[in-house]
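Trainee: Single-letter residue listing:
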Amino acid sequence: MNDMTRPDFDKPRVVGQRTPRIDGEFKLTGRAGYTGELHVDGMLYGYPVSATIANGVLESLDLDAARAMPGVVDIFHHGHFEALHRSPNSMAHGDMVNEVRLPFEDERIYYHGQYVALVVAETFEQARAAAQRVVAHYREERGAVVSLLQTEAEGTLQESAGSSRGDPEAAFGGAEVKVDSTYHIAAESHLQMEMHATLAEWRDAGKRLVVHESTQGVFFQRNAMARVFGLAQENLEVISHYVGSGFGNKLFMWPHSVATAVAARMIGRPVKVVLPRQQDMTSGGNRPASRQRIRLGADRSGKLTSVIHDSTTETSLVHQYVDTCGSATPSFYACDNVSTSQRVLEVNHGTPCPMRAPGEVSGIFALETAMDELAVALEMDPVELRLKNNAEQDPASGLPWSSKHLDECLTSAAKRFGWEQRNPAVGSMRDGDEIIGYGMASCTWSAGRQPCEARVELRADGSLFAACGTQDIGTGTYTIVAQAVAELTGAELSRIEVKLGETSLPAGPLSGGSMATATVLPAVAAAVRDALDAIKEVAVGSGGAFEGSDADALSAEAGGLTDGERRVSFEEILETSKLSSVNGQGSAAPGDERSEYAFRSFGAHFVEVRIDPEISRVRVARVVSSIDIGRAINPPTARNQVEGGIVMGVGMGLLEKLDYDPRDARLINANVADYIVPTHADAPEIDVELLDYPDFKHNEFGGRGVGEIGLTGVASAIANAIYHATGKRHRDLPITIEALLASS
Amino acid sequence: MRTFAYSRADSVDHAAHRTMPHAAFVAGGTTLLDLIKLDVLKPENVVDINALPLKRVERLDDGRLKIGALVTNTDLAHHPEVKSHYPVLSEALLAGASTQLRNMATTAGNVMQRTRCPYYRDPAAKCNRREPGSGCDAIDGINRMHAVLGGSDACIAVHPSDMCVGIAAIGATLTLQGPDGEREVDFADFHRLPGDTPHIEHDLADGELITAITLDAPLANAGSHYLKLRDRASYEFALASCAAQVVLDGDTIREARLALGGVATKPWRCSDAEAALVGQVADKASFERAADIALKDAQACEHNGYKIPLARQAVVRALRNAARGETPASETQESQA
Numbered sequence: 000m001n002d003m004t005r006p007d008f009d010k011p012r013v014v015g016q017r018t019p020r021i022d023g024e025f026k027l028t029g030r031a032g033y034t035g036e037l038h039v040d041g042m043l044y045g046y047p048v049s050a051t052i053a054n055g056v057l058e059s060l061d062l063d064a065a066r067a068m069p070g071v072v073d074i075f076h077h078g079h080f081e082a083l084h085r086s087p088n089s090m091a092h093g094d095m096v097n098e099v100r101l102p103f104e105d106e107r108i109y110y111h112g113q114y115v116a117l118v119v120a121e122t123f124e125q126a127r128a129a130a131q132r133v134v135a136h137y138r139e140e141r142g143a144v145v146s147l148l149q150t151e152a153e154g155t156l157q158e159s160a161g162s163s164r165g166d167p168e169a170a171f172g173g174a175e176v177k178v179d180s181t182y183h184i185a186a187e188s189h190l191q192m193e194m195h196a197t198l199a200e201w202r203d204a205g206k207r208l209v210v211h212e213s214t215q216g217v218f219f220q221r222n223a224m225a226r227v228f229g230l231a232q233e234n235l236e237v238i239s240h241y242v243g244s245g246f247g248n249k250l251f252m253w254p255h256s257v258a259t260a261v262a263a264r265m266i267g268r269p270v271k272v273v274l275p276r277q278q279d280m281t282s283g284g285n286r287p288a289s290r291q292r293i294r295l296g297a298d299r300s301g302k303l304t305s306v307i308h309d310s311t312t313e314t315s316l317v318h319q320y321v322d323t324c325g326s327a328t329p330s331f332y333a334c335d336n337v338s339t340s341q342r343v344l345e346v347n348h349g350t351p352c353p354m355r356a357p358g359e360v361s362g363i364f365a366l367e368t369a370m371d372e373l374a375v376a377l378e379m380d381p382v383e384l385r386l387k388n389n390a391e392q393d394p395a396s397g398l399p400w401s402s403k404h405l406d407e408c409l410t411s412a413a414k415r416f417g418w419e420q421r422n423p424a425v426g427s428m429r430d431g432d433e434i435i436g437y438g439m440a441s442c443t444w445s446a447g448r449q450p451c452e453a454r455v456e457l458r459a460d461g462s463l464f465a466a467c468g469t470q471d472i473g474t475g476t477y478t479i480v481a482q483a484v485a486e487l488t489g490a491e492l493s494r495i496e497v498k499l500g501e502t503s504l505p506a507g508p509l510s511g512g513s514m515a516t517a518t519v520l521p522a523v524a525a526a527v528r529d530a531l532d533a534i535k536e537v538a539v540g541s542g543g544a545f546e547g548s549d550a551d552a553l554s555a556e557a558g559g560l561t562d563g564e565r566r567v568s569f570e571e572i573l574e575t576s577k578l579s580s581v582n583g584q585g586s587a588a589p590g591d592e593r594s595e596y597a598f599r600s601f602g603a604h605f606v607e608v609r610i611d612p613e614i615s616r617v618r619v620a621r622v623v624s625s626i627d628i629g630r631a632i633n634p635p636t637a638r639n640q641v642e643g644g645i646v647m648g649v650g651m652g653l654l655e656k657l658d659y660d661p662r663d664a665r666l667i668n669a670n671v672a673d674y675i676v677p678t679h680a681d682a683p684e685i686d687v688e689l690l691d692y693p694d695f696k697h698n699e700f701g702g703r704g705v706g707e708i709g710l711t712g713v714a715s716a717i718a719n720a721i722y723h724a725t726g727k728r729h730r731d732l733p734i735t736i737e738a739l740l741a742s743s
Numbered sequence: 000m001r002t003f004a005y006s007r008a009d010s011v012d013h014a015a016h017r018t019m020p021h022a023a024f025v026a027g028g029t030t031l032l033d034l035i036k037l038d039v040l041k042p043e044n045v046v047d048i049n050a051l052p053l054k055r056v057e058r059l060d061d062g063r064l065k066i067g068a069l070v071t072n073t074d075l076a077h078h079p080e081v082k083s084h085y086p087v088l089s090e091a092l093l094a095g096a097s098t099q100l101r102n103m104a105t106t107a108g109n110v111m112q113r114t115r116c117p118y119y120r121d122p123a124a125k126c127n128r129r130e131p132g133s134g135c136d137a138i139d140g141i142n143r144m145h146a147v148l149g150g151s152d153a154c155i156a157v158h159p160s161d162m163c164v165g166i167a168a169i170g171a172t173l174t175l176q177g178p179d180g181e182r183e184v185d186f187a188d189f190h191r192l193p194g195d196t197p198h199i200e201h202d203l204a205d206g207e208l209i210t211a212i213t214l215d216a217p218l219a220n221a222g223s224h225y226l227k228l229r230d231r232a233s234y235e236f237a238l239a240s241c242a243a244q245v246v247l248d249g250d251t252i253r254e255a256r257l258a259l260g261g262v263a264t265k266p267w268r269c270s271d272a273e274a275a276l277v278g279q280v281a282d283k284a285s286f287e288r289a290a291d292i293a294l295k296d297a298q299a300c301e302h303n304g305y306k307i308p309l310a311r312q313a314v315v316r317a318l319r320n321a322a323r324g325e326t327p328a329s330e331t332q333e334s335q336a
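Listed in order, the protein sequences are those of chains A and B. Under numbering that gives the first Met the number 0, the first residue of the first sequence carries the number 0, and numbering increases by one thereafter. Under numbering that gives the first Met the number 0, the first residue of the second sequence carries the number 0, and numbering increases by one thereafter.
Everything labelled a hint here was simulated from the structure, so no lab data went into it. Just to be clear, a hint being listed does not mean it is correct.
[Unchecked claim] Think about it this way: if two alpha-carbon atoms lie no more than 20 angstroms apart in a straight line, the pair counts; the simulated DMTMM-like pairs of lysine to aspartate or glutamate are: (1) B:Lys36 with A:Asp673; (2) B:Lys283 with A:Asp673; (3) B:Lys283 with A:Asp611; (4) B:Lys36 with A:Glu121; (5) B:Lys125 with A:Asp432.
The whole structure should be built from the sequences, with the hints applied where relevant.
Mentor: See below:
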């Protein structure tokens, strides 16, 4: 259990201060080695061949032409592959995977893009050229399930993903004011900058496997691969020093990693596979399409009396993924009668997986749009409606919030936005050819925390070293770890070296769920304190710099120890005692506070859209947000997460849609020209305020994590603004030009 | 990607007289290399023409502007002659692609640009343009981006160029150099409608090379506008675009030029609509009538029906802005993104 009131963090010196990324120079100068760029001696290149149908059987592969191509070393497929085991796919045991089916496991084709072979050659170009010569003969079958959006099928109920309190059906039936609406969201691609990549190298005569993987979880990847290959965990090392983002599709292992490692073992040379963008999009995860029905009941004053949220999302035929849309709903508003249900429908797509604010971002679009509809039905200001139903404690658990300031987010953002200038009448605000629409929505994301270990060294050369087996996926984890060390030791940031992204380091968490910050920093702090205890013992010991003093009387200051009168640097203390370094181990985990408080972040987005109806053009002009995430450890990178989420929300609201051919479920826009995401020119003017209320009940640093909340609510605020401009309620995402035209 | 023989041409005659099977010229390479990597185009010989002396822009005595084939899209868009006498072309160029692509892409290469039909770009799909006689997966497939004008039962792929729409509204002549010498082709006749032979995209014989594009003399005292409508603000092909030039006599339209992009299988000059505008008052009713005429033969498939009203909107707004001689700030900020 952490001491939540440590005086260190009431007035932090480094934590909470604007801190340039310590890895920024490496990234700018190209010295930060991403997995796809790595090269080891003797390395070969793999290029997967993927199915061109979405439903059927692979009858045969014609490999002669490909084998005859220059540089080809081997071609792996169903008839030429190692016998392996599936991973148990357990979250609790740390071996969850994104697709349990092993590559080439059978000859059935379940989705377009499924790997049917892996060509390995001396160069990338040779591997790709040969892969294009592989001829696959399929027996295509009719009846592919193309999309949740193109069927009436209901899917399978997931009992464990639903919840209920009170009597929502009866309350809805008797409600004075009702909303009953259905929402659809198209499947989306993560489109992370760096495609999935694996470099597998077997050592010690095939007994030991070293894998470089672009992953959000080196330990999950290691554990899953250990199960698949029947290796002891000690004989497997996973390394991921830099990750070009993931947005959730790199949390868990995919089949390409297994195929790469098998190829490396069977050939006896290291093999690297970087998925081309098309395969990354067909076979490396997606946010599944969703269909949601929301029923809201309220009395005439706007008090919610019933919330019923029923959702269905897609999963693949080879892996069950549940994108629980309703998980935030029970905690969102004060209401006695609330139920959520979740179904999944199997479709012939590559397996969906978590994508930034998984489930909740879809659910919040539906819920917050329904709230806007309720505000219209009540003729009530939507901000007022939300304030009226603000939950003062968590209505799902009945526990008090650790720290919640949604009311201040709503009022502060409304003020900065200029909400009071909004004329609520539809289409009433104009500027030249354009109609201006104002819309808003609340946002939320749970505040989780995981167990974590860390190690810190104080070294005689004056440097400090901190290590944890978590990852920096571009969000700034390296920097906040250094900030924590600097905060507790007083050392300069430039003296602090941070190592992340290796399974040889103390076990760290997934970079996911907005949990890394709150999980890692307390463990680092514990390791720093352990190292400080160690150096104090050294200092007061025989021949030490503070020989004979009381260790408890010493404290850390400016990269050394002081007894109040005299400060001696760590390096001098170590030199004096002829030591190269002292070591500190630390671990931290959530404790009793989880049963005493409910932990969740909240915020609000206000959006201005401009619609030129005579040319069917809608653009998001301005977004003003106030977000309460506790303390922002490094405010610029924290704000950057929210800003990035807002831009992603513009894509979700107006642009992004994976297009599956209605005849055969083939994904036809698997490239960055045809799958449309916002460009710089689409990014609105963004004003993000991070409220600064440290949440010491959550952890001693007071930060709750920030990676996901910024995306939630944005698409709803856009849809609500479009309603304000046009009077047309858009319940399906993305809101396309076709939809605008249909409503004009 | 298949291997190919690469060579550099050091003179136009050399390039044009070279008789090679399955040969392709490469300049900026922004279309060709992309499609070779996708295994859609499979040239056995690639002839690099970047060293040829085709990078000049010159004003001819008769007032026309001769543009060398290798002038980049960026240079052309910012060329003083183009900016002052053909602003609609400058706007069209800057509405296309991205700065990086425009820096590489050339004038003739843009004329030769291939369609963005996803089925054309996917060797596993049926496509009469890529593989004659194989069928068309777009007509009953995802055809949101496809043409409503100029299509056939064999192909409904859009010609994706913005530049060509601007040129169509100006009028131009192409100079072609081939093994049998030089000839000139009207720009309006260069691109072919797909008909039964969508794989024959243009009037260019084997071994022929576009060496120049000569724009008609500028329309005196014209107001003009290129309006591109698309899902996002930048870096996307048009869903519908319109290049308009209008010459007014008081409130009356004396001359008009109109071309459509994003909705047709080739750069689409709207001559009937132009004729109908002449002598009319420059008001919304006239513009809407012109739009009706421009789109009267439009035919929609399942997913591209929205393009008909969208293209009408593009016509009406582009004509309005051209007639006013000014473009509202809300539109200009996107036109060059």
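Trainee: Would you mind marking each hint as holding or not holding in the structure?
Mentor: Status of each hint after checking the structure:
{"no.": "1", "hint": "B:Lys36 with A:Asp673", "result": "17 angstroms, holds"}
{"no.": "2", "hint": "B:Lys283 with A:Asp673", "result": "34 angstroms, violated"}
{"no.": "3", "hint": "B:Lys283 with A:Asp611", "result": "16 angstroms, holds"}
{"no.": "4", "hint": "B:Lys36 with A:Glu121", "result": "18 angstroms, holds"}
{"no.": "5", "hint": "B:Lys125 with A:Asp432", "result": "43 angstroms, violated"}
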